[in-house]
Structure formats: C-alpha cells, structure tokens
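Engineer: Residues per chain, in single letters:
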Amino acid sequence: MKINPPPVQFIVFSGGGGLVSRRQVVKIVPGLNTFDIDDVPAAFDPRTATVELLNAPAGMELVQLNVKRPDKSIMNQFIQREKGAATNIINAATDLRGQNREKIIQMIESTHYRAYEDVLGSFTAIISSKVEKEVDLEVRYFVEDARIKWEPSLHISIDKDAKAATIEGFIVVMNNSDFTYPQCELGFAEFELERQPDESGGYLNELQEEQAAQNIVPQSKMMQNLRRMKNLVL
Amino acid sequence: MKATLLPRENVRLAWFKAENVKFQHDRKVELSYTQHNLQQDAISRTGTFQIVFQDVPKQVPASQIVIFDKALGLPQSYSRTSGSVGPRLSTEWQDDLDLEITDRLVTYGTGKEEIKVEPPPPHLRNRLKEIEIRERDDLVTRKLVVKNLTARPIDGLQVKLYENKDIRFEKSKVEAFKKDPPEYTWLVNVQPDATGMVEFTLKLHVTKTFEIEKDLPPGAARTSPGRAPPLAQAANAPPFMNRED
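Taken in order, these protein sequences are the chains called A and B.
When we follow numbering that gives the first Met the number 0, the leftmost residue of the first sequence carries the number 0, and every step to the right adds one.
When we follow numbering that gives the first Met the number 0, the leftmost residue of the second sequence carries the number 0, and every step to the right adds one.
Hints listed in this document are in silico derivations from the structure and should not be mistaken for laboratory results.
Treat each hint with caution, since some may be false.
[As the list claims (entries may be wrong)] In silico BS3-like cross-links for lysine-lysine, where the CA-CA straight-line distance does not exceed 27 Å:
(1) Lys142(B) / Lys164(B)
(2) Lys69(B) / Lys21(B)
(3) Lys162(A) / Lys69(B)
(4) Lys57(B) / Lys21(B)
(5) Lys1(B) / Lys229(A)
(6) Lys178(B) / Lys159(B)
(7) Lys27(B) / Lys1(B)
(8) Lys27(B) / Lys159(A)
(9) Lys202(B) / Lys177(B)
(10) Lys21(B) / Lys202(B)
(11) Lys164(B) / Lys159(A)
(12) Lys146(B) / Lys111(B)
(13) Lys162(A) / Lys16(B)
(14) Lys162(A) / Lys207(B)
(15) Lys27(B) / Lys142(B)
(16) Lys159(A) / Lys170(B)
(17) Lys162(A) / Lys146(B)
(18) Lys21(B) / Lys229(A)
(19) Lys27(B) / Lys172(B)
(20) Lys142(B) / Lys111(B)
(21) Lys146(B) / Lys178(B)
(22) Lys172(B) / Lys202(B)
(23) Lys57(B) / Lys162(A)
(24) Lys159(A) / Lys69(B)
(25) Lys162(A) / Lys159(B)
(26) Lys142(B) / Lys159(A)
(27) Lys159(A) / Lys172(B)
(28) Lys164(B) / Lys146(B)
(29) Lys16(B) / Lys159(A)
(30) Lys21(B) / Lys162(A)
(31) Lys229(A) / Lys57(B)
(32) Lys159(B) / Lys21(B)
(33) Lys229(A) / Lys178(B)
(34) Lys111(B) / Lys207(B)
(35) Lys170(B) / Lys202(B)
(36) Lys207(B) / Lys27(B)
[Said to hold, decoys possible] A short list of chain B residues far from chain A (calculated; beta carbon distances all over 10 Å):
(37) Gln38
(38) Gln49
(39) Gly82
(40) Asp214
Here a beta-carbon is modelled for each residue, glycine too, at the ideal position from N, C-alpha and C.
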C-alpha cells in the first residue's frame with residue numbers, strides 16, 4: 000500500500016540538510032503489511048532511515064525496510080534532457096506575456112534548478128502483525144541536501160541614552176529543494192563540522208549568491224561531517 | 000515553531016524578542032612596539048569596540064547582527080556575533096570611528112653602552128678574532144592622546160600595552176589599572192569633544208654584535224674556502240663586519 004505520511008517535524012542542520020520525521024495512522028492487518036512511502040527524496044540517507052510503530056501492540060513488529068536510491072547517472076541524463084527542454088521552451092516562445100507566464104516561468108525555473116536530490120527515492124516498510132489495529136507509523140530519515148539550511152539573524156535596536164536595547168531574533172531557512180514541508184514543527188540544530196561547506200551564502204543577502212546557492216552540488220556523507228552539536232533551537 | 004517550507008524559497012521566521020536588554024560598549028586600543036616604530040614621532044592608532052548585551056534570554060548561535068539606532072530608526076552597523084556565552088552576547092570587535100587616537104614620542108633617552116667581548120664559536124675561529132657585543136637600555140617616553148569625536152562621554156576605554164623581549168614597561172604618569180606582565184592596562188574616560196591621555200615610559204634594550212676579524216699580514220688577500228673575493232674588494236674590505244640585533 001502506498002502511503003504519504005506528512006512531515007511532522009524537520010530539524011534543519013546549520014551545515015545543510017536535516018532530519019525529517021513523518022507520521023501517519025495506518026491500519027495493520029494480520030499477516031505481512033507492505034507500505035511504500037511516497038515523496039522520499041533521493042537525497043535521503045538510507046543508513047539513517049528508520050520506521051517506528053508508535054502504540055504498537057504485542058505481536059506487531061517491523062520485519063524489514065527496503066531502501067533504494069535511483070541510479071544517479073541515469074537520473075542526471077533525464078535531468079539534463081529536461082533542462083534542455085526548458086531552454087527550448089524559452090527560445091521558442093513567441094509571447095511569454097500571456098496569462099500563463101508566471102506558471103511557465105515557475106516550471107522552467109524548477110526544471111532549470113532540478114538536481115538528482117529532487118527525484119524520488121524508494122522506501123518500503125514491511126510489518127508483520129498477529130492482530131488488526133490502527134497504529135501511528137513514524138518514518139525518519141536524514142536528508143543530505145546542502146540546499147536546505149538555516150541561519151539566525153538579529154536585529155538590535157539600541158537606545159544610547161537609556162543604555163537599553165531591543166533584540167529581535169529571526170531564523171532564515173533556505174529550502175532550495177523541490178520538496179514542500181507543509182506546516183511542520185521546525186527545529187534548528189547548530190553543529191561543529193569537520194569541514195566547513197564551500198559556500199555560506201544564499202540567504203536573503205545578495206541576489207546573485209541566493210540564486211547561485213540553488214546550484215550547489217549537494218555533498219554526500221554530510222552526517223559524518225558532524226562533529227558535535229552546539230545548540231538546538233526548537 | 001510551525002512553518003511551511005515551500006520549494007525554492009527562503010523563509011524568515013520570528014524567533015524571539017527581548018526588550019530592555021542592558022548593554023555596554025567595550026572599547027580598547029592595543030599597543031605593541033617594535034624597535035622601529037618605538038622611535039617614530041607620531042603613530043596613528045585605531046581603537047576597536049564591541050557591544051556586550053547582558054541577560055539575553057536565548058542562546059544565540061553565531062549569527063549576523065544589524066544594529067539600529069532607536070532614535071533615528073536607521074541601521075547603524077552590520078556586525079556578527081560568535082554566539083552567546085551564557086546570558087552574554089557580544090558583537091565582534093570593530094574599528095571605532097568615535098575616537099581619534101594619536102601615539103606621540105615625548106622623549107628618547109639613549110642609555111650608556113656596555114661592551115662585552117666573547118670568543119668566536121669554534122667554526123668561525125679561523126676567520127674571527129672575537130665577537131664584540133654592545134648593549135644599552137634606551138628610555139622612551141610616549142604619550143597616547145585620545146580624542147572623543149562624539150557628543151557623549153566615553154568611559155572605560157582600555158589602553159592595553161603589550162611588552163616584548165626587547166621593549167619593557169618602565170613607568171607611567173598615571174598608575175596602570177591592571178599590571179599583569181606582559182600586559183598593562185589603563186582605563187581612560189574622555190568627555191565629549193575632549194581629549195584624554197596616557198603617558199608611559201618604556202625601556203628598549205638595544206644589542207649590537209660586531210664580528211672582529213683576525214688581523215692579516217699587510218698585502219695579504221682575505222679569502223674564504225668557497226669563494227675568493229675580487230682583489231680590489233678585498234683590499235677595501237672593512238676590518239670588521241657588524242650585525243645589529
């Protein structure tokens with residue numbers, strides 16, 4: 000059965016990527032139950048993928064997890080072809096001022112920036128049960144995508160005469176992936192990293208940097224890059 | 000906090016707001032000298048400052064800061080913080096444009112020279128007769144003049160002097176607020192559009208080393224095993240070479 004648990008929590012890491020928790024109530028029937036989880040990005044780290052059955056009764060257990068990421072070179076060929084098609088649409092368009100202009104530009108932009116990490120991976124959970132019951136199924140995985148990250152920003156208004164200040168803290172979250180995380184609880188973790196990512200921009204400062212950040216080559220082994228957690232903002 | 004992250008979008012989320020946070024400006028000017036700049040008539044110095052906020056209710060990671068003047072409602076400076084330390088949050092040190100600082104030479108007293116003669120090291124004994132070391136301690140008095148360019152008094156400007164192996168602190172007109180060799184700190188308060196100053200004397204240890212070469216019979220050319228100098232150069236060569244440390 001295909002299921003698409005909505006994200007309930009997303010802890011975004013300062014160096015990029017994050018831990019996604021998705022949860023859905025599923026009906027388990029006696030025997031083997033197979034759940035194909037939809038909308039898992041190919042950027043997910045299969046080693047960190049877990050499935051947990053909350054409030055599961057005795058006799059119900061997770062038997063196995065099947066994870067698969069699509070072939071990178073084949074997908075890249077597809078993506079290149081799509082990018083070529085997007086360029087052709089722009090070149091061949093005689094009038095892009097019509098009603099659908101915004102839609103077309105959005106589609107072309109999405110295609111232009113698409114990367115391997117935006118295609119779908121495969122994540123299947125097989126659960127065996129002796130009883131029939133509805134349980135909460137929670138899926139967790141780390142997304143290795145440097146295009147998703149966060150940065151704090153402070154606005155401080157100082158009154159020099161009264162020697163008092165008003166501090167406003169903001170968190171800027173960058174999601175340059177093709178995935179939507181609707182109304183989920185966000186957390187922000189700051190880590191000391193083994194090596195710093197090549198670039199640190201891409202937030203709301205400079206247009207060029209912001210757009211260049213969409214073309215970052217996503218790094219692998221992002222989890223191994225984490226040395227020590229310094230701070231967690233929830 | 001709950002939010003929606005849409006594809007290819009930046010989201011700016013309100014995180015916290017803290018009012019009536021007490022703050023102070025920490026200002027400092029750091030002085031360290033070399034044998035060369037200690038003798039200069041005037042040195043233009045740049046102070047630095049940071050703003051330290053006390054009792055900030057959130058632990059803030061390293062982040063950007065935009066500082067606004069409440070009265071003007073305009074941004075004053077862009078800075079960064081390396082993050083909270085307990086309830087304290089401070090900006091990075093930045094150049095202080097509120098102060099004009101000039102470091103002037105007041106007096107330069109040359110000390111009495113002492114001469115020591117030492118035998119050359121074994122590998123130079125074929126060439127050198129002896130090594131002459133001349134040492135003296137010069138006393139240099141300098142005055143740091145700080146002008147406050149603002150309309151508000153500046154309190155507690157830290158003037159930090161760092162000693163090194165040749166330049167040591169001797170005395171000052173005003174007692175240092177903190178003496179922790181090799182670091183000496185004075186606190187200076189400057190009224191608006193006025194000047195403050197710190198005057199101190201430093202001891203400069205000067206060492207000159209001369210390699211005295213062996214006397215040769217008249218007319219004999221001075222040669223080295225590796226390379227023979229031209230005859231004219233050898234004839235005009237000085238009787239000793241010196242090296243200043």
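Engineer: Now, for every hint given, state plainly whether the structure supports it.
Structural biologist: Results of checking the hints against the structure:
Between Lys142(B) and Lys164(B), the direct Cα distance comes to roughly 21 Å. Compliance with the 27 Å bound is thereby established for this hinted pair. Among the hinted pairs, Lys69(B) with Lys21(B) is consistent with the structure: their alpha-carbon atoms are about 14 Å apart, no more than 27 Å. Between the alpha carbons of Lys162(A) and Lys69(B) the distance comes to roughly 11 Å, so the proposed pair stays at or under 27 Å and holds. With a C-alpha separation of about 14 Å, the suggested pairing of Lys57(B) with Lys21(B) holds against the 27 Å cut-off.
The hinted pair formed by Lys1(B) and Lys229(A) meets the criterion: a straight-line CA distance of about 22 Å does not exceed 27 Å. Taking the CA atoms of Lys178(B) and Lys159(B), the gap is near 10 Å; set against the 27 Å cutoff, the hint holds. Among the hinted pairs, Lys27(B) with Lys1(B) is inconsistent with the structure: their alpha-carbon atoms are about 43 Å apart, more than 27 Å. Distance restraint check for Lys27(B) and Lys159(A): the Cα-Cα separation of roughly 19 Å lies within the 27 Å cut-off, and the hinted pair is therefore satisfied.
Taking the CA atoms of Lys202(B) and Lys177(B), the gap is about 19 Å. The hint holds against a cut of 27 Å. Proposed proximity of Lys21(B) and Lys202(B) is contradicted: the alpha carbons are some 42 Å apart, above 27 Å. Distance hint between Lys164(B) and Lys159(A) is unfulfilled; the C-alpha atoms sit about 42 Å from each other, more than 27 Å. For a cut-off of 27 Å, the pair hint linking Lys146(B) to Lys111(B) is broken: about 37 Å separates their Cα positions.
For the proposed pair Lys162(A) and Lys16(B), the alpha carbon gap of about 17 Å is at most 27 Å, so the pair holds. Between Lys162(A) and Lys207(B), the direct Cα distance comes to roughly 54 Å. Violation of the 27 Å bound is thereby established for this hinted pair. For a cut-off of 27 Å, the pair hint linking Lys27(B) to Lys142(B) stands: about 16 Å separates their Cα positions. Restraint check for Lys159(A) and Lys170(B): the C-alpha separation of about 36 Å exceeds 27 Å, so the hint is violated.
For the hint linking Lys162(A) to Lys146(B), the alpha-carbon distance of about 22 Å falls within 27 Å, and the restraint holds. Simply put, Lys21(B) and Lys229(A) have alpha-carbon atoms about 26 Å apart, close enough for the 27 Å limit, and the pair holds. For the suggested pair Lys27(B) and Lys172(B), the alpha carbons sit about 19 Å apart, so the restraint of at most 27 Å is met. Between Lys142(B) and Lys111(B) the CA atoms are separated by roughly 24 Å; this keeps the pair inside 27 Å, and the hint holds.
Proximity of Lys146(B) to Lys178(B) is assessed by CA-CA distance (about 24 Å); at most 27 Å being required, the pair is judged to hold. Between Lys172(B) and Lys202(B) the CA atoms are separated by roughly 15 Å; this keeps the pair inside 27 Å, and the hint holds. Only pairs whose Cα atoms come within 27 Å are accepted, and Lys57(B) paired with Lys162(A) is accepted, the gap being roughly 20 Å. Under the criterion of a C-alpha separation no larger than 27 Å, the hint pairing Lys159(A) with Lys69(B) is consistent with the structure, at around 8 Å.
Using a Cα cut-off of 27 Å, the hinted pair Lys162(A) and Lys159(B) holds, with the two alpha carbons roughly 25 Å apart. Proposed proximity of Lys142(B) and Lys159(A) is contradicted: the alpha carbons are some 30 Å apart, above 27 Å. About 33 Å separates the Cα atoms of Lys159(A) and Lys172(B), which puts this hinted pair outside 27 Å; it is violated. Between Lys164(B) and Lys146(B) the CA atoms are separated by roughly 31 Å; this puts the pair beyond 27 Å, and the hint is violated.
Among the hinted pairs, Lys16(B) with Lys159(A) is consistent with the structure: their alpha-carbon atoms are about 19 Å apart, no more than 27 Å. The hinted pair formed by Lys21(B) and Lys162(A) meets the criterion: a straight-line CA distance of about 6 Å does not exceed 27 Å. For the hint linking Lys229(A) to Lys57(B), the alpha-carbon distance of about 14 Å falls within 27 Å, and the restraint holds. Between the alpha carbons of Lys159(B) and Lys21(B) the distance comes to roughly 25 Å, so the proposed pair stays at or under 27 Å and holds.
Of the pairs offered as hints, the one joining Lys229(A) and Lys178(B) is violated, with about 36 Å between alpha carbons and a cut-off of 27 Å exceeded. In summary, the hint linking Lys111(B) to Lys207(B) is supported, as the alpha carbons are separated by about 13 Å, within the 27 Å threshold. Between Lys170(B) and Lys202(B), the direct Cα distance comes to roughly 9 Å. Compliance with the 27 Å bound is thereby established for this hinted pair. Simply put, Lys207(B) and Lys27(B) have alpha-carbon atoms about 35 Å apart, too far for the 27 Å limit, and the pair is violated.
Chain A leaves Gln38(B) outside its interface by the beta-carbon criterion, the shortest separation being 40 Å against a cut-off of 10 Å. The Cβ of Gln49(B) sits about 13 Å from the closest Cβ of chain A, beyond the 10 Å cut-off, so the non-interface label holds. For Gly82(B), the non-interface assignment is contradicted: its Cβ lies about 8 Å from the closest Cβ of chain A, within the 10 Å cut-off. Every beta carbon of chain A lies more than 10 Å from that of Asp214(B), the smallest distance being close to 64 Å; the non-interface claim holds.
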